[in-house]
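Protein chains in written order, with this note's numbering: chain A, 1 to 114; chain B, 1001 to 1114.
Check each hint, because a few of them may be wrong.
Unchecked claim - Pairs of lysine-lysine, DSS-like flavour, derived with a Cα cap of 27 Å:
id, chain 1, residue 1, chain 2, residue 2
1, A, Lys71, B, Lys1013
2, B, Lys1013, A, Lys42
3, B, Lys1013, B, Lys1057
4, A, Lys106, A, Lys56
5, B, Lys1057, A, Lys42
Hint data in this document are derived by calculation from the structure and do not stem from the laboratory. Given the structure is predicted, the values throughout are model-derived calculations rather than measurements.
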Amino acid sequence: GESVGLHLPTLSVQEGDNSIINCAYSNSASDYFIWYKQESGKGPQFIIDIRSNMDKRQGQRVTVLLNKTVKHLSLQIAATQPGDSAVYFCAENTDGGSQGNLIFGKGTKLSVKP
Amino acid sequence: KAGVTQTPRYLIKTRGQQVTLSCSPISGHRSVSWYQQTPGQGLQFLFEYFSETQRNKGNFPGRFSGRQFSNSRSEMNVSTLELGDSALYLCASSPGGTLNQPQHFGDGTRLSIL
Chain A
1 GESVGLHLPT LSVQEGDNSI INCAYSNSAS DYFIWYKQES GKGPQFIIDI
51 RSNMDKRQGQ RVTVLLNKTV KHLSLQIAAT QPGDSAVYFC AENTDGGSQG
101 NLIFGKGTKL SVKP
Chain B
1001 KAGVTQTPRY LIKTRGQQVT LSCSPISGHR SVSWYQQTPG QGLQFLFEYF
1051 SETQRNKGNF PGRFSGRQFS NSRSEMNVST LELGDSALYL CASSPGGTLN
1101 QPQHFGDGTR LSIL
């Protein structure tokens, strides 16, 4: 299948502002989506996930939006903090998240200015 | 609960050698997946093991192989190493077999080929 892509490779925001990271996916059969955060020298860390039967899901300071019509996924981070600086990846799966064969996007680097 | 543990953290090999990487999943997780991360190609799925059987396979040559033991621990082997195999190799685990189960990653093994 085709890989998930990202519109912006880098995003710079001011501390306290909201951040929006976007992701486009191409496989219409994908039914499970995940956002990961990767800090330097570490593995990807799970942030939030969403099933295709949902449009929106909220976590602590994060919200994921799914638009199946245009195959678009976004991650919103409220009141961005310096600790949010990292590379963010979206990933998709066609098995409802029951199997471990994720397809990842290229990543967006988020830089938070104090 | 302990996270996913990968050993070794760093490894230096020369072309033509072979290498074995190890992964211990989160306790109770039966699915283990391996990914290769490079600056150029991003995160790419190698293969997934579930209950000691390879369940999914990515688009990598046969030099890349793996196995899973009865305690769910997994090893990945790369034979006849090439310069292009230099990468961060990530292992991820999940319960496996049920929906909406995000994978959780280790911090990876950084493999450098000289």
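* To do: Starting from the hint list further up, note which numbers the structure goes against and sort them upward.
  => 1
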